[in-house]
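Heads up: the sequence lines are chains C and B, in that order.
Taking numbering that gives the first Met the number 0, the leading residue of the first sequence gets 0, the next gets one more, and so forth.
Taking numbering that gives the first Met the number 0, the leading residue of the second sequence gets 0, the next gets one more, and so forth.
Treat the hints loosely; a few may be bogus.
[Unchecked claim] Here chain B is said to cover these stretches of chain C; the calculated rule only asks that three of the stretch's residues, wherever they fall, bring their Cβ under 8 Å from a Cβ of chain B:
#1 44-54
#2 276-290
#3 359-369
[Unchecked claim] Lysine-lysine pairs mimicking DSSO-like chemistry, simulated, CA-CA at most 30 Å apart:
#4 B:Lys340 to C:Lys14
#5 B:Lys340 to C:Lys278
#6 B:Lys837 to B:Lys528
The hints are simulated quantities; they were obtained by calculation from the structure and are not laboratory data.
Ideal Cβ placement from N, Cα and C applies to all residues, glycine included.
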Amino acid sequence: MAILVLEDGAVFKGKSFGYRGIAAGEVVFNTSMTGYQEELTDPSYYGQILVSTYTQIGNVGTNPQDYESDRTYLSGFIVKEYRERPSNFRSTETLDSFMVRHRLVGMHGIDTRMLVRRIRIKGAMMGIMSSFDDTEDELKKELSKQPSLVGRDIVTEITTKEPYDFKESLWSLKGGYEEAYKKDFPLVAVYDFGIKKNILRSLVSAGLRVRVFPCTTPVDELLKDEYKGVVLSNGPGDPSALSYIIENTRELIKNNKPILGICLGHQILGLALGGKAIKLKFGHHGANQSVLNLKTRGIEITVQNHGFAIDPESLHDSVDITHVNLNDKTLEGFVHKNKPILSTQHHPEASPGPREAGYIFKEFAKLVYERK
Amino acid sequence: MSRRRDIKKIMLIGSGPIVIGQASEFDYSGTQSCKALKAEGIEVVLVNSNPATIMTDPEFADKTYIEPITPDILKKIIEAERPDALLPTMGGQTALNMAVALSDSGVLKQYGVELIGARLDTIKKAEDRELFKASMLKIGLKVPFSKYTHTKEEAMRFVREIGFPVIIRPSFTLGGTGASIAYNIEEFEDKVEYGLSVSPTHEVLLEESVLGWKEFELEMMRDRNDNCIVVCSIENFDPMGVHTGDSITIAPAQTLTDKEYQNMRDAAIKIMREIGIESGGSNIQFAVNPLNGDMVIIEMNPRVSRSSALASKATGYPIAKVATKLAIGYTLDEITNDITKNTKASFEPTIDYVVTKIPRFAFEKFPQADDTLTTQMKSVGEVMAIGRTFRESFQKALRSLESGVYGMVQRIRDEDFGTVKAREKVISGLKRPSPEQLFSIGDAFRMGFTVEDIQQYTSIDPWFLDNLQEIIGYESKIRALKGYSLSTVEAAHILRDAKKMGFSDRYIAGLLGTAEPLIRKARMNSDIKPVYKVVDTCGAEFEAYTPYLYSTYEDENESVVSQKKKVIILGSGPNRIGQGIEFDYCCVHASFALREEGYESIMLNSNPETVSTDYDTSDKLYFEPITYEDVMNIIELEKPNGVIVQFGGQTPLKLAKKLEAAGVQVLGTSPESIDIAEDRKRFRELLERLGLKQPTSLTATSVEEAIRIGNTIGFPLILRPSYVLGGRAMEIVYDNESLEEYMARAVNISEDKPVLVDKFLESATEIDVDAISDGDTVVIGGVMEHIEEAGIHSGDSACSLPPFSLSKDLINEITRQTKILAKALNVVGLINIQYAVKDNEVYVIEANPRASRTIPFVSKSIGIPLAKLATKLMVGKKLKDIGFTKEVLTDYITVKEAVLPFMKLPGVDTILGPEMKSTGEVMGIDKTFALAFAKSQLASNTVLPMNGNIFISVKDNDKMLIVPIAKRLKEFGFNIIATRGTAQILTTSGIEVRIVNKVEEGRPHIVDLIKNREIAMLINTTFGKKSIKDSYSIRRSAITYNIPYYTTIEGADAAYRAIVALKNGEITVTPIQNLYRAL
């Protein structure tokens, strides 16, 4: 048995899978039909309960390669049906066992479409799920104690404790993640706000040496000459809560460091440039979002995972908007008019999802090489 | 970027008749395309020889040419219409081939017609396997190793390099015609020879086999701005080796991780770019090695396809419509997503359910055909079902098939379980892909086989097998309820879970040894009812405005039930022989009529290949199986004012009585009247009362009774089970022996219905009449005279409207009889009556107070949409209200010709009889019968010769009749070749004849001549089992070498007249709009 109670009082009863426990968090849904392992290990989902709109999950099991970080950050995972028996040549572990190992609470057997529609209509809300015999009332009480994401700094909790160098390049069927680290590549620094590994792999594959820093690292370290560029990573939560990071970012901008911002990193850049963040009704989480590239007038099918966005109206005219979401016209990317800054709200590193926005890394590498 | 303004007039080519591999999905895409173009204000010139299509309704194009689809005819149309562009990607392989022919011959250039949707070099690169292979290698993708060959000798050499098993693919054929797999050198020799013969370029590709690999398909779209998206991913349940059209397929792909899926997606985009699809859709097929993920590209179709129709229905993304808009210059971001309204077509649909497609076969029609599934497509239709899990959608799809199964039925008898024989039977069933393989899987699980065991025998992915095992495993849980109350909490729990897994009430009832209504009652008592979810392209991320629904057993119902007047139309289910696109055509018209009359129209159907299941055909669409259970669930939710069962063929008709018994208002002719017409006894009484004649007709429930009848009324007899369509299991017998044989087989065909025994009127003329009635007034739609004599199924017989040989008096008599019969049956709507005329005497063969297969043909012929009018009558209008009170008499002749599937079914006899075998039809329209018939032959790909040798071999009864025909053929300039018996008569009549051996008379014989292409046309009529058997190889080789052949005297005579007409005059083309204007 498993039970989910939402902030608005709605109750869903299903079966539990994965780790048995109680989990609370903002309930969000993802519309991607593939890549649950990448989603589950994406730190941007920190503290959230993820609902998969696709109904049958577990089909391909899990494997040692498809990790976006070393662990799961979600508090709960809800699917229509968990499939116990995987079928994929790379699978080494069932999803259930993986979730038990990572202490991720799962629930299945509910009308997930009903749940998703509820979130779409009413907006994102908090929820609590339990695989025990808790009563609705107990859970509701527990839920009311949960902190909201708005105004909370999660990033400082989950960032890497020590700096490290990253050497893997992008995945291939034959070679997996090969090392493509060359000494003569220019070195870039990455502020880790809860980074997905595929960003790092994409940077390496774009011809860069990568060093990852805790987000608490003083900006002076990153301003050093040996770092030819800085990447502001993705990560969970509300960007407005990260004032010291925004402050550091302003320093980087002022010093003309080439900067690439992705997702949370993009929002931080936006804020550092004087923009305003807004919370979206239920966010964008999926692998099919249509984004218009204003330079090429072409469309990119992008991967998205964010609950906040930068209001384009609020941005200073020092930036040129480069990408717009075709569904709701929200801001998806910009460049600075006279500084080497690139920024995308969506995830060019994909994983899971279409890889066609990956050229962003090459564009960033170009900026870096120009400054080398 | 935006729509091109320089294109004002576009020519669209349809796919022609329904054949295996090219079915009604192209009416669906063509209709969407026509609508999209017209909405843009573009003038549409449409060419399609198939009258049973919605697209050829006069309002869907500005100029509609129901003419043969051949390069010559198309050239004439281009000459007359001067279109700016030709859109060849909506009409399947047929249209694409025509585009290539018209380009290569310079016609397009000559008239300044631009190819849009796909460029010539693109088509060639995608279609020519050698070019395609080179393109794939260029962009770093793998294809199976392969080599082309034009001779058998070369093939024998190549195969040593490639190894066995090897795939043999003839070039430029449709639906994999002639493709096969050879496992040894002996098989290889035969198959290569056959492959070379069916390829129009006498070329076959020998290809390394990736048998047993997993098969995937991606449906792609790309616009001229290089925006490229995946509309849908599809995974085949059947591994490589089974044609994708014959495979069970599932959307979305189930067993790929994101990384593997993205590799496939990236490859697909590269292919789109390399091949150069700049404004349209394509389907790309992949094979994946289950052991290491290696991927090879199998093929691509640079056009809309069967799969794209499925993908459209599976996702809600209208591929044909979008592809059309791309072809005229729009980019994906400029096209609105109809379903969400607020988002664009430039996204990738995501689905929150599982779609299963299962093909529908017609092997019951062709007992000699080999039902092994291989690289050549053999299915005639398909069903699709949607559920929230694979198990649910799979089980819904199974019962949608209407092949008498309502679940994973057990094929091995209980008492045989555990025997070695049963085990062996199951294993051989697993090893050989066939429509029955599924049920062997079920029985294998029941016998305790594991997923691994079955995977080893079938190469089916364990993920699917695991799901099937779960279904079978649940059966015992259900069975445990046997004998217990179903109203307990525990029982309700099991029932609910069973319903979630997709078990049908009927199957559950079977497991419990009880009746379906009791299961329904138990469900209602425990409030176990389905809810309906919306197909919205986006997994509920955006609000959907299109009520396209499917059922599932969950909590939230999204079907918004209106308070409007409403009618539910029951569709016709999967295409099959005897029940095809014609009925879908009628259902679509019903929907249009209801909307015009202010009713909410609600469509219920399970066939993804149709216009009826397009989300904007009706106000509401339920994509559901058409079984009593599923229909009643919707009726109980919607509470419609009425239900239309007249238009969907037998599928809904079979439900009529049960629905009425459940208190449902069946619109139009009452089920009671339908029953009178179907029930031989009651019908005979009615005819007697009305003073109408009928061939002596009796019913038999036993062999003895049948023999007694035979001896009383005399042979030949025509035998058939009651309540069937398409002449299913109908046979003419000439003696006691065959009668007994038939009865022995017939017992299994229909359990509680007797066999009908009629006197067969030999050499009679058969007449079909379609009429419409409002209960007071009856108006004739059309009187059709069959070209083949009575005894050949009306669906397989060519016919002429108006009649070409009947006297005015006879037509008047037939009209009179039709009117009194329609009135006597209180018909409100349509009625079809078949008559036989022998010695100027009219006999009623049968009456069907419902839409017939000929309704679209008649409607096209007279320019009146009969099904639409009939619908209006069913909701209370009178014929005079709608202004149709007089039969339309045309000054032109229309001929319908049947199209047969023999090419795709090696080993099947091509002889026609009372059992329907055709898959589709074409229409020829012209001023004279001879020209209209000539066009119908041309349209059905029968190229009438102008010179050469004509082979004649006829049965004794026909010997005198063939003489004048042979004489005229000789005078025309043909040489006559005949077998001894026929030659004797002809020589006696002064006709110079060359004698040829029958096959059993030694070589060289007639088949040798056919193979050497020395024969231009065959006339071969047969009588009796032996002669039919003897002449089999003649008919079969005629098919293989595509030589016109006529198996009746009437057909031969019509062919002669057509040949003369063709010689004497140029064929002209006329759009139907012009014809109708003159009426």
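Check your understanding: Which of the numbered hints above does this structure break?
Key -> Of the numbered hints given earlier, those the structure breaks are 3, 4, 6, listed in rising order.
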